[in-house]
Amino acid sequence: MSPLIQTVLLLTASNIFMTFAWYGHLKHFKSSALYIAIAVSWGIALFEYMLMVPANRIGHQVLSLAQLKILQEVITLSVFIPFAVLYMKEPFKWNYVYAGLCLMGAVYFMFFRD
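Residue numbers for the sequence shown follow the numbering used here, beginning at 2 and rising by one.
Hints listed in this document are in silico derivations from the structure and should not be mistaken for laboratory results. Just so it is clear, the structure is predicted and the values come from calculations on it, not from any experiment. Treat the hints with care, since some could be wrong.
[Stated by the list, open to error] Listed below are the simulated DSBU-like cross-link pairs for lysine-lysine, each with C-alpha atoms no more than 30 Å apart in a straight line:
no., residue 1, residue 2
1, 28, 70
2, 70, 94
3, 94, 31
4, 28, 94
5, 90, 31
6, 90, 70
7, 90, 28
[What the hints assert, rightly or not] Cβ-Cβ distance ranges computed for the label pairs, FRET-style:
no., residue 1, residue 2, range
8, 34, 105, 36 to 46 Å
9, 13, 103, 12 to 22 Å
10, 5, 44, 29 to 39 Å
11, 90, 6, 45 to 55 Å
Virtual Cβ for every residue (Gly too), placed ideally from N, Cα, C.
Could you build all of it, start to finish, from the sequences and the hints given here?
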């Protein structure tokens with residue numbers, strides 16, 4: 002498997018963990034003490050880092066640091082929108098589309114312009 006595909010898959014998986022670490026407590030631990038939400042989030046984030054660090058090491062073989070960052074942001078939005086709408090039951094907002102279009106511009110400048 003190519004380093005780019007490995008990077009995308011690992012970053013996607015790590016982003017799923019991180020999205021739950023950052024926002025899942027808002028649904029499941031709303032009435033819990035803050036320290037419990039923090040501890041659970043840290044526990045989830047451990048798995049995120051176990052995927053993200055190798056993803057960045059593998060990705061840096063074929064991508065620049067700036068390209069890795071933009072790739073991460075695109076994946077973050079791609080994971081966050083379904084999470085927000087389907088899991089957290091937030092209404093879909095056109096702002097998601099506009100943010101995606103802005104990220105497409107960032108991808109263009111990071112990957113196709115020198």
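Hint numbers the structure violates, sorted upward?
11
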